[in-house]
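2 protein chains.
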Amino acid sequence: MIYKSISFTQKLGLFAEQWKPKVVAEMNDYQFKVVKLKGDFVWHEHQDTDETFIVIDGDLRIDFRDGAVHVLSGEMFVVPKGVEHKPYAEGEVKLLLIEPRGVLNTGDVGGERTAENDVWI
Amino acid sequence: MIYKSISFTQKLGLFAEQWKPKVVAEMNDYQFKVVKLKGDFVWHEHQDTDETFIVIDGDLRIDFRDGAVHVLSGEMFVVPKGVEHKPYAEGEVKLLLIEPRGVLNTGDVGGERTAENDVWI
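Protein chains in written order, with the numbering used here: chain A, 254 to 374; chain B, 254 to 374.
The following block holds chain A by itself, in its conformation from the complex (with noise of 0.2 Å):
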């Protein structure tokens, strides 16, 4: 049988839209989806999960209610479920997210920047 490895980069090369995410793998019921980010994001929660961010390239700032956090590439920050959190990305960052499969990147909030879940590259 082909068994085939999946490459961050190649990926990401992919398309240039950014704040979509696109699923590249399946662990159970985990989804690992790359995104490019880039600006403000809106303030949103997860009631249900925690949610990880791996960053591949670029430097992520996370704010939280009460301090925010840096995410560099090679390094990964888990959100705890519940606790909100706002993404900004001075320069184009790219990450990988991992979260159960039917997460939507807007959390609980919604709205316009709501991307389409379950989209696989």
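Check each hint, because a few of them may be wrong.
List time: in silico DSS-like cross-link candidates among lysine-lysine, alpha-carbon distance up to 30 Å [what the hints assert, rightly or not]:
1) A:Lys347 x B:Lys347
2) A:Lys334 x B:Lys291
3) A:Lys264 x A:Lys347
4) B:Lys347 x A:Lys264
5) A:Lys291 x B:Lys339
6) B:Lys347 x B:Lys273
7) A:Lys347 x A:Lys334
8) A:Lys264 x B:Lys334
9) B:Lys339 x A:Lys264
10) A:Lys334 x A:Lys273
11) B:Lys257 x A:Lys257
Here are some, though not all, of the chain A residues that point toward chain B, as calculated from beta-carbon distances under 8 Å [as the list claims (entries may be wrong)]:
12) Ser258
13) Gln271
14) Gly320
Away from chain B, derived, C-beta distances all over 10 Å, residues of chain A [what the hints assert, rightly or not]:
15) Asp303
16) Gly335
17) Lys339
18) Gly363
FYI, nobody ran anything at the bench for these hints, they're computed from the structure.
For each residue, glycine too, the CB sits at the ideal point set by N, CA and C.
Position chain B against the provided structure of chain A, taking the given hints into account.
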């Protein structure tokens, strides 16, 4: 509040031993573990879960009964549950494992290569 990102390189610099996964973070009931590998492992499978390999540095080969895959730096591969596999590293490989809390490195096979579980770094 103080929020802190997790650097894979920093964590991997804290130990030299091979084949002993160390937990660096949790997302819901899943754990992120860094590990160094070199040489050959034992054939095993995980009957209840998929297992994710993300290579931080090096060239990991995962053997299957009917093929193999090379996973290089910046690449990932998900081994499906119930599928026999055997990691192999010609040179030292540094990688991130993602799997549910409680999963042993030797899966359902056990034996002397079984590492202590749930060791944090």
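* Asked: Hint by hint, which ones does the structure fall short of?
  -> 2, 5, 11, 13 and 15
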